[in-house]
Amino acid sequence: MNQNILLVEPDYRSKFPPLGLLRLSTYHKSRGDAVTFVRGKDLSCRNQNWHRIYVSSMFTWELPRTVETIKYYQSSVSSVNDLIVGGVGVSLLPAYVKERTECRIITGLLDKGGELDTLGPSLLSVVPDYSLLESISYPYFPKDAYFTKITTGCIRKCKFCAVPILEPLFGFGSSLQGQLAKVIKSHGEKQNLVIMDNNILGIDDLDDIFAEIRDAGFSSKATRNKRVRSVDFNQGLDCRLIDKQKADLLGSICANPVRLAFDHDGIEKPYRAAIKRLADVGHKEFTNFLLFNFVDKPESLYRRMQVNMELNNELGVAVTAFPMRFVPMDDVNRRHISSGWTWRYLRGMQCVLLATRGIVSPNPVFFDHAFGGTLAEFLEILAMPDRYIIWRKAHETGGAEDWRKLYRKLSEEDRNDFLALLGQLNKSRNRLQEVQNLVKFRDLIEHYYPGGKTPENKAPEKILAAQGLSTGYDYEFPGLGDAPSRTDSHGTVPQHPDLDIEPGFPAGRARTQVSPLAAEAAPAP
Amino acid sequence: MMTQTQEARPIFGVSVLETLTVGMYTNPLDCIRELVQNSFDSIRSAVKVGQISAKEGRIDIVLDDSRRSISVRDNGTGIPSENARARLSNVGQSLKSLEDDIGFRGIGRLHGIAYCDRLVFKTSVAGEAVASVVTFDAKGLRALMSPVERRNDTAEEILYACTDLATEPELADEHYFEATLIDVSGQVAQLLDFDEVYGYLSQVAPVDFDTAFYYATKVRKWAQNHGVEVPHASVRLKSTKKERFVFKPYKTSYKPLRDTKTEDKESERIEVTDVAFYPEDGPHCNGVWIWYSKGNLLGQIGDRNASGIRLRKQNMSVGGASRIEELIPEARFNKYFIGEVHVHSQACIPNARRDGFEDTREWAAIRDQLTAFLKEREKEVRTSSNLRSDKVGKAIRGAQITAEKILADAASGITSNQEREKLLRTLDDQKAKLDEIAPAKITEELKAAYEAALTEITEATTGVQNADFVLAQAKGQLDRKQKKLLQDVLETLRDCLPPDTFKLARDAIMARFDSKDPK
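Taken in sequence, the protein lines are chains R and Y.
According to numbering that gives the first Met the number 0, the residues represented by the first sequence are 0 to 524, in order.
According to numbering that gives the first Met the number 0, the residues represented by the second sequence are 0 to 518, in order.
So that you can see chain Y by itself, here it is in the shape it has in the complex (with noise of 0.2 Å):
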């Protein structure tokens, strides 16, 4: 590093303003995300001094990439034209409290420095009559930092040099802070393009879930119950052609991520079909709590913004599904799941780049409790895999399949003594399959789903054997004549309809007298 030393004191050369901006990240969208965090803070203080209501926090994203400019707006307090520009031009000293507010570091804002031409903000706090505009040339300040330049001046007097202040009138009721980066460029084109952004926003911004997660009641109902807040804030994204708020990219059916698809035949959707959490009965002392999903875990979700368990603190995620993964031997099987780790902590922060924590005692230890947990769900997966793809498994699992369908077509009627029959043998044959395979080679993983599927077998056999006869509905309203009649005419839509087309016919036939079941 180019640190020279002309006096007694230590001067930060240039080189340091380098790598505090254009050196420091990796992915250029962390500009955006840097900004967003920057304006969900101030969302915060604002909803803290009753300025705004958590529900009216509000930031908004423009992408224009006809002016090939960004901005981001938010609702927040603003800063206050006397400090604004020392606010907003100093680097690595913020008012931010450590504990309350996401960033707190003072370098992420000047982020984009690296990718435009210039970088304005603009700000006003509500009772002032001025917008503060603090203008960066990006472009100037790019050449004066280059290596290639071997500058002398120090950090401070090049980035003395390259900002511009000015005010403007604002009427004095507005409160916001909004950060543009105009002139954008064309080899960073990932920040103009919605989708790009859309995708990354929805994977790191504090935000909540959309509809289409039907679990996100659930997850919230428990962090209620459990007295954990997840803050989160109504981000809008909007470029020349498309406008949507940003939501978590949670759904609850995924196509897998080795998609075998085949011109007729769509491969099996990979379905969500609970969710859990960890630690069950709340968060504890333990700095973390989790929700995770259940569901038939087929193979890897395909969704990229989605899969893997990912940590977030203040709810915004804290590097991607990778960090976690590095705490098993298979990342793989992180990628079976969606789930957030929300860290709460306090003595849990997020290093500069926001790619993983700072290696605290606290963190050490909440990241054996993640180890232990993710074993589990590796344990989960390989039970399910075995299940579905060795001789033993798939046995297991088809008698399994075969005693739950029974048993629901049992409670819902038979037709005949014939069909009673023909159940009876089908649940016969299952159970002589799960006979047949030797003690031995059922693998202790399997043994639970083995005793589960034999018991399966036993209380569907019993259902059979009790099952009603659909036409028992009917009783009273047909004569023997007509029920031998309607008998017929049911066991013959039986032979010749599919299954599940003869329980429509059935049921819409049945429908006409008084059930027992008014459906």
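Bound conformation, chain R alone (with noise of 0.2 Å):
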């Protein structure tokens, strides 16, 4: 029978195609139905009976309005089998959807074949329809690009990574020529290549994988249309593998931006020697993410950023890095403070990565300026009220003066002491009385809580979340329905290879959209 078939995902903020949606158009399209992709809740769709309905699901903290999408199509099918949820944030977390939905819940990965329809085929080896992402206006990025993965699951176990979880087993998967020319058969040659392996670089045969790279028309500064091509390993490579041998494959293809991960202290060594390796055969921008909020503490993640400084005086290259807070496997609302941490520090990071758009720039000047130019200054940064630290101009001479006096007569305890009750005062339902109350550092809460309230110049939680800074920490604005938000990664690989890792701008552009604090992001107070 004809079937209509609706696919959505639910209207989190993501930038990557939804592959897995992709791959079922086409699998539903040769079986001659009839399929329309959306994203979030549409009144006409849901007006509409469908014969099936799959919805996506990405981060755990997304479950909430996941949820929130699978009801609302709940009464668009004729029986629940036919509400189909997959993906990684139901993967990581069935029991979350199971207990508030009525659907048929999938979980981990369609490699076999028949998980959906007996007889169907593995859905890993359907290509994905890019077709269906010219029905909708929705940006997603990049465009014109091949999305291929040759090998699943990755040699490591990093335990802030859901990859173990998903693709718990590594190994090669399909030959990216096979995945290339089938794309190319049904939606035509595309200009750049994304590869989203979890970790191709431990992989055995990678001069034949590099050679089918060149190949395919990705050597060293290659050009189509006249157009520069790229390559983008767009889960990052793993700086510990990168040899000198290694280092010669990345610098035979056009990768860009070349991706590494730089996750705790303990791979400084291995990191600075890939990056000097990578230099040596021509590459000189580089992206990089850093962890935190996982079993390190704000130390050591300006240690790392410092690294980078170090690397780009030293080398002569440009690290943009961008800082990924850790989020548990099982989080639902991304509140997650670790030990190493505080909510204050975590809370000071946002702001600060509110005005830099999220990056931190390989300019030594901007550095210093946002993050301060030595631990001690970038401590007293992330303590900051929110507005001083995201209009820094604006209240350096006022407020931010005199809050810099009292905070430095601090002893260290007391400093402890201070950012927890902060963290406190936070979560608080009874601010005001608190806050009332108080006797010791009552003069600094002031600059916090004028009056025991929240200032009227507050952080722009709205900016904040669409700029990925989410107010996941503040139970003043517990409503985080309708502000969208960036993926927060894990570190090396986010939950899910298919899907957003943000942000993705190749650090020599990244150069210009920065600006230093108090970027236009921000209003003026």
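No lab work stands behind these hints: they were computed from the structure.
Take these hints with a grain of salt, some might be off.
[To be verified] Calculated pairs, DSSO-like style, for lysine-lysine (alpha carbon to alpha carbon, straight line, at most 27 Å): (1) Lys250(Y) with Lys70(R); (2) Lys237(Y) with Lys142(R); (3) Lys446(Y) with Lys293(Y); (4) Lys220(R) with Lys189(R); (5) Lys184(R) with Lys237(Y); (6) Lys14(R) with Lys240(Y); (7) Lys254(Y) with Lys70(R); (8) Lys28(R) with Lys240(Y); (9) Lys184(R) with Lys240(Y); (10) Lys240(Y) with Lys70(R); (11) Lys254(Y) with Lys40(R); (12) Lys237(Y) with Lys189(R); (13) Lys250(Y) with Lys28(R); (14) Lys240(Y) with Lys40(R); (15) Lys181(R) with Lys240(Y); (16) Lys28(R) with Lys54(Y); (17) Lys142(R) with Lys240(Y); (18) Lys502(Y) with Lys97(R); (19) Lys483(Y) with Lys502(Y); (20) Lys40(R) with Lys237(Y); (21) Lys181(R) with Lys237(Y); (22) Lys502(Y) with Lys482(Y); (23) Lys40(R) with Lys28(R); (24) Lys189(R) with Lys240(Y); (25) Lys408(R) with Lys392(R); (26) Lys250(Y) with Lys293(Y); (27) Lys40(R) with Lys250(Y); (28) Lys28(R) with Lys237(Y); (29) Lys14(R) with Lys184(R).
[Claimed, not checked] Computed list of chain Y residues with no C-beta within reach of chain R, every gap over 12 Å: (30) Pro79; (31) Gln202; (32) Val227; (33) Pro282; (34) Gln299; (35) Asn350.
[What the hints assert, rightly or not] Chain Y regions said to be covered by chain R (calculated; three or more residues, Cβ under 8 Å): (36) 207 to 217; (37) 231 to 243.
Where a beta carbon is used, it is the ideal one built from N, C-alpha and C, also for glycine.
Put the two chains together into one complex; each comes in its own frame, and the hints tell you how they fit.
In structure tokens form, the structure reads like this:
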């Protein structure tokens, strides 16, 4: 029978196309079905009967919104079995969705065939339906690129990463050549190449794989139609594996951006070595993921940012860093505060990143201004009231100066107590009262909560959220529902290889986009 | 009309053309229906000659809002190149048969001239390696047809001047007909609106029921058993954003038209709980058969695409719900139902606008049948409404609902004698309420319901009196003390939980024991 199929991506912020849904589209179109793709809640689609609705899921902290979306379409199918939910979020936390909705939950990869329909194909072998992206006005990125994956799983078992759960076995998946041939046949040639492997450098036949990349038209400095082509290993490359030989391989293709993770202090040596080797083969621009709020401390984050500044200086490269806050695999609200961090420091990081648009610029002047020239300055910046961080200039001579005088007087022990108090007050439902009852820290608290209240030019929560610096910790703004939010990486690899790993602008461009503190993004106080 | 007599032979002036294209239909969407109708006929011929199977017939409709075009394409027989131009530009001269085909007048396909700049027909038949492309300069035609122009040309001359024929190479196996409206006027935005077109097609196109209508199987089976054919085609609508196969708009649950929804409470839904047929024992030679909904008849159905029993011939609609509503004084009663009147009498012919039937003797006879049928429906609605609204009706309905519920409860077992007494008391109360109603107040319409309620109360009473104890299921597995304890637990649960939750809990507990009804 002719079937009407609806594919839904909940309207959380995502940049990378939902490849699972695109594969389902190809699968259903091959059966002669009619396929419609929407993001979020679409009233006219809800009013129709669908023979199947598929809802994707991504990050666990977006599961509340995903559940809302599932419920929204519940009455648009004839049987709960026809409302199918899959993807990373639900694979990590199926119980959360199961308890709240009536639908068919599919966890893990659909790589064996027969999971959806008896005799159905392995969905991983199905070419994504690139044409579906043209039916929607949402700006997915990258455009005009092949989405490929050569290996599955990862050789490592990092505790902060979802890959070992989602793809427990490491190994070769399918050849690049074969994947590209299929895409070209049904959707034509593409400009760029995205390779979504979790840890491709761990596989044995790298020479062959890189030869295939070059043969496909992506050797170093390659162009097509007079435009520069690029290869993006969008899940990042494992710096520990980059020896001379692998650096040469990477030098032989037009990799851009080159993404490396610097997840903890322990890998400083191989990280430095990798950048050096890659610089030697001609790569000058890097993007770098910095995991924080895991087992690290703010000191470690600052140290790692400084290593980047040193590398820029020594090697004449530009490393643009993206600090990524760790969120546990079972977290549905992003309020996790690790033992090495405090609420105030995390919040402070958000505010700084708001001003820098999420990046750590390789420009030393910008860096010092945003994050401080020393560790002590960094910690002091993080401790400041939100508005003093975001609108630094406007508050410098007024409040910030007074605040600093008071704050510097505190002993180390008092500082710790004070930071803890700020975390407590943030959660408090009785803040006004508590502030009024304060004796100790009364003057300092006045800078955060003038008269016990939230200051008038408080941090722009909506913009924070839209920039991905969501108000995850802030109990005062629990209504995260309508604010789109960015993804926080779990380090080297985000919760799912197919999905958004953000922000992805190449370093060269990022430098021009970054502005010193109090960027255009932040409204004037 | 501007008929001029330059010669002895009558001439059709240009305004005839205008009347038949620009002036013929009231709803711009009708131009899509006309094309679908032609496609459907063409598919049926292809099936008849064995070119495709009935399942393979396909009509693809594509709305392209960036190019402002609409195309309707079928995989029917197509038209041979030698007579493509003649057959496509002739007006009112169709080769189709009155009996078998849905369209037969030969005017509908030109309706699109009213709404676009160019109307293009492209067609090819199997065995010919060419496709014929006939293009109408619709914009030019409209200008020439305009009464302001006061042209003296004949309709034929003008049509000929604005038509262009070309051929293109085509695969010999291909057979299709494709009509495309190019540069659709911005004034008829609905023609490019996916939801509008979908809603329209779901009402008029010869398509199948959707899976949301559970009684589709019953209707199909009934039709099959009584030897009536309901032809249908697969129609797919596609826009740049959406894509769907078209199905009839029927479901089994609807919002009421007058939606009294408040913040915390959704209004009760109109449920379709069955379908019935007319004539019950199959369509004799009366020319029609009807399926219509049974249900709670809570109000007029809120979905305008579905509400009201409607006319169809060869499974294509004839007029909307309003056509049938003319037959009864109070049109609203039709909207309490969903349903279709399939007219299969060959002597009933849809009129040119397809908003009604030609006034033949046969149609008049059918109309009388329909009027009687609708009066019955009206009565059904009134009875059901009385049962809900007036005091007497409410008492009767209340008694019925209570009796049904208690009877079901009793069948699944009771916990204690205490519960038995409580249920009996409730039934007595209901009975007393019924007895209080003065016989004079029981109207003719409610009489049957009143009697039924009394019977149900009696049945429920007997049921409760004979009900088994739930604990009996656990016989042999519990000693007296345990039994007493369990009984206390159940009674406490019954007292503190809402009835439905209590039943869930009770059944869960009892499921641990070997029940008589292994669930």
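What are the numbers of the hints that this structure violates, sorted from low to high? none
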